[in-house]
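Engineer: In case you want the letters, here they are:
Protein chains: 2
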Amino acid sequence: MKLKIKKLTLLEGLNKVSKALSTKNLIPVLSGIKFELHKDKLILTASDNDITIQTFIKLDDKNNMTIEKQGSIIIQGKYILDIVRKLPDEYINIEVVDELKILIYTDNSEFTLNGINEKEYPNINLEKSKNPIKLDQKIFKDIVTQTAFASSTDEAKPVLTGINFNISGNILECNSTDSYRLARKIVNLKELVGENYNIVIPSKNIIEFSRIMGDGDTMINMHIFNNKILFEYDNILFQSRLINGTYPNTSNLIPTDSYLTLVVDLDEFYSVIDRASILTSDREKNIVTLQTDNNKLTIKSYSAEVGRVEEKLIVENKNNENIKISFSARYMMEALKSFNSDKVEIKFVGEIKPIVLKDSNDDSLTQLVLPIRTY
Amino acid sequence: MKLKIKKLTLLEGLNKVSKALSTKNLIPVLSGIKFELHKDKLILTASDNDITIQTFIKLDDKNNMTIEKQGSIIIQGKYILDIVRKLPDEYINIEVVDELKILIYTDNSEFTLNGINEKEYPNINLEKSKNPIKLDQKIFKDIVTQTAFASSTDEAKPVLTGINFNISGNILECNSTDSYRLARKIVNLKELVGENYNIVIPSKNIIEFSRIMGDGDTMINMHIFNNKILFEYDNILFQSRLINGTYPNTSNLIPTDSYLTLVVDLDEFYSVIDRASILTSDREKNIVTLQTDNNKLTIKSYSAEVGRVEEKLIVENKNNENIKISFSARYMMEALKSFNSDKVEIKFVGEIKPIVLKDSNDDSLTQLVLPIRTY
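Protein sequence lines correspond, in order, to chains W and F. Quick note, the first sequence lines up with residues 1 to 375 if you use my numbering. Quick note, the second sequence lines up with residues 1 to 375 if you use my numbering.
Bear in mind the hints are in silico, worked out from the structure with no lab data behind them. Cβ coordinates follow ideal geometry from the N, Cα and C atoms, glycine included.
Below, computed lysine to any residue pairings styled on SDA-like, alpha-carbon distance capped at 20 Å:
#1 K86(F) to L336(W)
#2 K19(W) to R241(W)
#3 K101(F) to V306(W)
#4 K101(F) to A304(W)
#5 K101(W) to A304(F)
#6 K86(F) to T298(W)
#7 K119(F) to H38(F)
#8 K86(F) to M333(W)
#9 K7(F) to S271(W)
Negatives, chain F to chain W, calculated, CB over 12 Å:
#10 K58
#11 E120
#12 E321
Modelling step: build the complete structure from the supplied sequences, incorporating the hints.
Structural biologist: Here it is, written out as structure tokens:
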């Protein structure tokens, strides 16, 4: 293998795949990045057995690289990244000599790294399906930021550590819950999907993919298989395992009716909850109590050790009904943050029934927070 | 105690003293900030027994506060900070009721905190000396950034975890060493000091004080006592304990003569060392070897497991002598970073003698790095 490549081009590729580098080093070869140099492209692959990221750099007419000899090798990920990042030169030469010695050199710098034979890399199948499901990048990013936070981090309930993608016809319904709150996003797909899918994607993996994408408006192809999903985006392939198990049916969890709807200014309401929870911040469930007196809203919290807070706010009360209800400040704040609007509707069914948050101008997103009994 | 105070004024004061808040909570009262409200000023004090910070807010004619009732109380530091930071109002009211209940309120928010009687606060003497030593803020900041990094973090040698201030006549000599390298800064004081001092100030404390100061050009008064030092700056008093023990005499450590002086471009030389140390980054002492061939300089490093690096650089060789010498890349880089100049002189006395770094235009700073035998 021998090539000369633009530093920034290579660095961009390495940065993308490096997110899949195994830090645990259980399988030494997985701390390496596989370089495959073909006659018209360089393919970089990294994997930690949970996710696999592959990117390719195509030979272009802007002199992005010169391919002198095809070949493959595995290079220690952390060293190649550091070297490429710190070399000041515009172009970098990479050459394999004596089978497993990797020379990385510019005019004044020369690195010789010990490589690993590419045959030792696990055989990872990045196959594509015949009928991928297409999704706008912006919508995909919304799904992740608006639902992933509500997943559980408790590995004792594996299925709740992922986002449920439920696809039927041209509807994609995404659910995420840790059993104390639920985030639901429903989007219309551009094309009818022939098959129904009901899968669970690990939240941390889908968040990682969402971060790699950056901002833009490219189409994402989702290739769904029995136990894995492959995202195809720009020059990136991102594959994640799926979580086994049946996702709980959450469709009957969201109340359809409510007797009281408050319309609040999102930022104002968020700040009020934030302040009301200051004194509770030591406890896991930072409970605050909301009480209405028509359009006057009071948020209170109390800690025997530290003290008490009382916050007041004027809101729009659509029903002239009243409620007193307690909930986790953190869950409420995270649910509020997921909305892109200035105003949010907060719907109450009863003191021990789920609280529902909606944006009156966008029906696609529903946030649900369970109340906490305080007596 | 009762007052109304501008939020930003109070927040600024709380931020300053909060750096001394004890996080270990061994003495519960030290997790609090002492508020003392006099007829014309509010004094805030925090201490972790190692450092004490006090700041005062004087009643001004710009309506910064209204003092309604004098008094004192200790308020939990972390809560009062969070509350003041998050209140949106321009003014905040603070009032002590029922002796130990603290009301903090604005139009729509009301906090009630449990306070602690000010009598429970340890008696900390922030006395001033008759003849403080004056130092420019900029010079003080230089001393800290140019020497503190070279101190030891090993508590087994307490005296080396501090900066040695050696004052005689109008000369202040500051030394910092971990016994593998030495940083020395010599500054001229504006006034002759009657008494000689030879003290050791804990590096982490002096760094903390340097951070609180911000940028500016105010005069600092240093009040030195037997076992403590009080810095007086703007409206801040910062007191630190001193480290007991005799600081090693470092005056004969710095070679006075050298047979080879290289003049290097600081940034270029730094980058070369940085790259040469990439493959050694796993080891504590990341050793690189420097070799000259007249004006050609080579930096090499080698790791059996990972590989080797060779970096080349053209430098100015003032003596047409040559050397081959090994040292810690990290120590060399930290020494280089302490200079404000574009060029640095690197002086060699021999392969097993200290390497000396100087700025040819500024004699006040000397950095010394010990070589490492590699054979």
